[in-house]
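Peer 1: If you read the sequences in order, they're chains D and Z.
So for the first sequence, our numbering puts the first residue at 1; every next one is plus one.
So for the second sequence, our numbering puts the first residue at 1; every next one is plus one.
Be aware that a few hints might be false.
[Unchecked claim] Here are a few chain Z residues that face chain D, going by a calculated C-beta distance under 10 angstroms:
#1 I60
#2 T66
#3 P110
#4 L119
#5 F162
#6 D173
#7 K176
#8 V222
#9 I244
[Stated by the list, open to error] Derived list of chain Z stretches under chain D, where covered just means 3 residues or more per stretch with a C-beta under 8 angstroms from a C-beta of chain D:
#10 45-58
#11 71-81
#12 177-190
#13 232-242
#14 273-281
[What the hints assert, rightly or not] Which chain Z residues stay away from chain D? Per the calculated CB distances, all over 10 angstroms, these:
#15 D32
#16 H109
#17 L131
#18 R144
#19 R147
#20 G202
#21 A218
#22 S221
#23 V293
No wet-lab data here; the hints were simulated from the structure.
The C-beta atom is built at its ideal place from N, Cα and C for all residues, glycine as well.
What follows is each chain in one-letter form.
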Amino acid sequence: MHHDLTPPITEAQARELKVGDTATLDGALYGIRDLSLIHMFDKGRRTRFDMKGHAVLHTAPNVRKVPGSNENPAGYASICVGTTTSARMERFTRPLMTREGVRLVIGKGGMGPATLAAFKELGGAYLAVIGGAAALETTWIEAIDDVDLDDLNPESLWKFRVKGFGPLLVAMDSHGGSVYDQVNKQAVDRRASALAAIGVKP
Amino acid sequence: MNAVKRLMVEPAAIEEAAKLLYIRALKLLPDDIKQGFTRLDAGETGATAKSVLATMIENIRVAEKTENLLCQDTGIPIYNVLIGREVEVDGSALKAAIRRGVERATKEHPLRSSIVHPLTRANEQTSCGALVPVINIDFTERERELRLEMVPKGSGSENGSFLKMAIPADGVDAIKAFVVDRVIEAGGKVCPPTIVGVGVGGTSDLCMHLAKVAATRALGSVCADPQGAVLEKELSQAVNSLGIGPQGLGGDSTSFAVHVELAATHITMNPVAVNIQCHSARRASATFTPGGVEIGF
Numbered sequence: 001m002h003h004d005l006t007p008p009i010t011e012a013q014a015r016e017l018k019v020g021d022t023a024t025l026d027g028a029l030y031g032i033r034d035l036s037l038i039h040m041f042d043k044g045r046r047t048r049f050d051m052k053g054h055a056v057l058h059t060a061p062n063v064r065k066v067p068g069s070n071e072n073p074a075g076y077a078s079i080c081v082g083t084t085t086s087a088r089m090e091r092f093t094r095p096l097m098t099r100e101g102v103r104l105v106i107g108k109g110g111m112g113p114a115t116l117a118a119f120k121e122l123g124g125a126y127l128a129v130i131g132g133a134a135a136l137e138t139t140w141i142e143a144i145d146d147v148d149l150d151d152l153n154p155e156s157l158w159k160f161r162v163k164g165f166g167p168l169l170v171a172m173d174s175h176g177g178s179v180y181d182q183v184n185k186q187a188v189d190r191r192a193s194a195l196a197a198i199g200v201k202p
Numbered sequence: 001m002n003a004v005k006r007l008m009v010e011p012a013a014i015e016e017a018a019k020l021l022y023i024r025a026l027k028l029l030p031d032d033i034k035q036g037f038t039r040l041d042a043g044e045t046g047a048t049a050k051s052v053l054a055t056m057i058e059n060i061r062v063a064e065k066t067e068n069l070l071c072q073d074t075g076i077p078i079y080n081v082l083i084g085r086e087v088e089v090d091g092s093a094l095k096a097a098i099r100r101g102v103e104r105a106t107k108e109h110p111l112r113s114s115i116v117h118p119l120t121r122a123n124e125q126t127s128c129g130a131l132v133p134v135i136n137i138d139f140t141e142r143e144r145e146l147r148l149e150m151v152p153k154g155s156g157s158e159n160g161s162f163l164k165m166a167i168p169a170d171g172v173d174a175i176k177a178f179v180v181d182r183v184i185e186a187g188g189k190v191c192p193p194t195i196v197g198v199g200v201g202g203t204s205d206l207c208m209h210l211a212k213v214a215a216t217r218a219l220g221s222v223c224a225d226p227q228g229a230v231l232e233k234e235l236s237q238a239v240n241s242l243g244i245g246p247q248g249l250g251g252d253s254t255s256f257a258v259h260v261e262l263a264a265t266h267i268t269m270n271p272v273a274v275n276i277q278c279h280s281a282r283r284a285s286a287t288f289t290p291g292g293v294e295i296g297f
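Just need the whole structure built from these sequences, with the hints factored in.
Peer 2: Set out below in structure tokens:
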């Protein structure tokens, strides 16, 4: 099933997303990553952005400083916007949801049990974008509408305006489903035969 | 004996090349990697994996068409310098020139500076810092030739780096099991399909370095040691039977290849290292000869 999403979305909408579904995003998308999250949740900084019901993307873009305009309201033009490995951000999913009201996490490589538990309890989902396909991803970005915590540049808190962002694959849902868990379990199950086939004694 | 006219390489030329190579590497994938995608796509049986590979192949085309970066991660800049015989170059000036080239690429393109102080996490916005760019200097028998290779090593896959000081009693089985287990552990985090670089032997630091050399070698190249070449084939087969697939979302195409590099080791030691290269296996090179500078991969 495909979902066209224009956040903010409700908890019920987030729970409609099931592993294996696809989604495309329009409107606001917030860019977060290591340092912005460390500052928000370990160093007590707050953002002026209202992320309630919104989606976050694990990213730090390549940007060019430009004069502020209707086209580039934040004074930044995006050169290349892609996605970073999500696993490093594992411990921040729950506080992003409880404190900031975030519903969707977009990233690559998947996340772990703490994130899956937060999705189940609070209603959220992880949408996989193809990592390393940033030239393509950049074409889905209309503008950088705003930026906060910009002293952390490039690890600022970015507010992108996106159109047709995707297709994204629902890879973790609020019903305990995780493509990454399935793939990992399969790989662990196949390990012994993979090693036996190349002469490794058990 | 006739005196051979030496090749003089000026720091200014190195600086220009260092700048150009960083930007070029971020935008254009080498042909061997593109062919690797074609090969994986032809053999892939999973529907999701097929569509993931198609998106990656489209991205290569979009990056070329829009002259944009393949990936937003500008990586850790690594320069491998191979100096031939009868080459005259000021080594200290060469290192400074590479650094200036990196800084200029970052400011003039501009590129995201991905380099921070390891303790303060302060970003100087130059893609430089203490001992970064990484510069490896080696020598070759080739006459009047200096080769500069640039590798912007992506961090998602660099975080997939592992070392085990196995013991002789564990044998080659320990090496094989370690590689397979680390590929399972890395899963989708290292942006598969990958090139799995494996270092075997040496000291701990040499072993890690060999893994990086293996991970950044061109597809189609084979380990110079015959036993190493056999190990490459076996491990490629093993990791691609795990079903991890592109982006760790399942499928046949977990790795383009496993590459192995060897060094002799100590009678008490059996070290094995893994360094992974993501599918955006970027590199660029400049070769200085008396005929001029040739830019390639």
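Peer 1: So, for every hint listed, does it hold in this structure?
Peer 2: Going through the hints against the structure:
Here the hint on Z:I60 is kept, as its CB sits about 8 angstroms from the closest CB of chain D, short of 10 angstroms. At a threshold of 10 angstroms, the smallest CB-CB gap from Z:T66 to chain D is about 6 angstroms, leaving the interface hint in force. Of the supplied interface hints, the one on Z:P110 holds, with its beta-carbon coming within about 6 angstroms of a beta-carbon of chain D, less than 10 angstroms. Taken as an interface hint, Z:L119 does not check out: its beta carbon lies about 14 angstroms from the nearest beta carbon of chain D, beyond 10 angstroms.
At its closest, the beta carbon of Z:F162 sits 15 angstroms from a beta carbon of chain D; the interface hint therefore is violated under the 10 angstroms criterion. Given hint, Z:D173 at the interface with chain D, holds; its Cβ is 5 angstroms from that chain's nearest Cβ, closer than 10 angstroms. The closest approach between the C-beta of Z:K176 and any C-beta of chain D is roughly 5 angstroms, which is under the 10 angstroms cut-off, so the hint is satisfied. Taking 10 angstroms as the C-beta cut-off, the interface hint given for Z:V222 is violated, the closest approach to chain D being about 17 angstroms.
A distance limit of 10 angstroms between C-beta atoms decides the matter here; for Z:I244 the minimum to chain D is near 5 angstroms, and the interface restraint holds. With 5 residues carrying a beta carbon less than 8 angstroms from a beta carbon of chain D, the stretch 45-58 of chain Z meets the three-residue requirement, and the given coverage holds. With 4 residues bearing a CB less than 8 angstroms from a CB of chain D, the stretch 71-81 of chain Z meets the requirement of three and the coverage assertion stands. Figure legend: the stretch 177-190 of chain Z, annotated as covered by chain D; annotation consistent (8 residues with Cβ-Cβ distances under 8 angstroms, at least 3 required).
Counting residues of the stretch 232-242 of chain Z whose CB lies closer than 8 angstroms to any CB of chain D gives 7, which reaches the minimum of 3, so the coverage claim holds. Remark: the stretch 273-281 of chain Z is confirmed as covered by chain D, as 3 of its residues place a Cβ nearer than 8 angstroms to a Cβ of that chain, reaching the required three. Listed as a non-interface residue, Z:D32 keeps its Cβ farther than 10 angstroms from every Cβ of chain D; the least gap is roughly 17 angstroms. At the 10 angstroms boundary, the C-beta of Z:H109 falls inside the reach of chain D, the nearest C-beta of that chain being 8 angstroms off.
Non-interface status of Z:L131 relative to chain D is upheld: no Cβ of that chain comes within 10 angstroms, the nearest being about 21 angstroms off. At the 10 angstroms boundary, the C-beta of Z:R144 stays outside the reach of chain D, the nearest C-beta of that chain being 38 angstroms off. Every Cβ of chain D is farther than 10 angstroms from the Cβ of Z:R147; the closest lies at roughly 27 angstroms, confirming the non-interface assignment. Against the 10 angstroms criterion, Z:G202 stays outside the reach of chain D, whose nearest CB is about 22 angstroms from its own CB.
At the 10 angstroms boundary, the C-beta of Z:A218 stays outside the reach of chain D, the nearest C-beta of that chain being 19 angstroms off. At roughly 21 angstroms, the least C-beta separation between Z:S221 and chain D is larger than 10 angstroms, which holds for a residue marked as non-interface. Against the 10 angstroms criterion, Z:V293 stays outside the reach of chain D, whose nearest CB is about 27 angstroms from its own CB.
Hint check: violations occur at hints 4, 5, 8 and 16; the rest are consistent with the structure.
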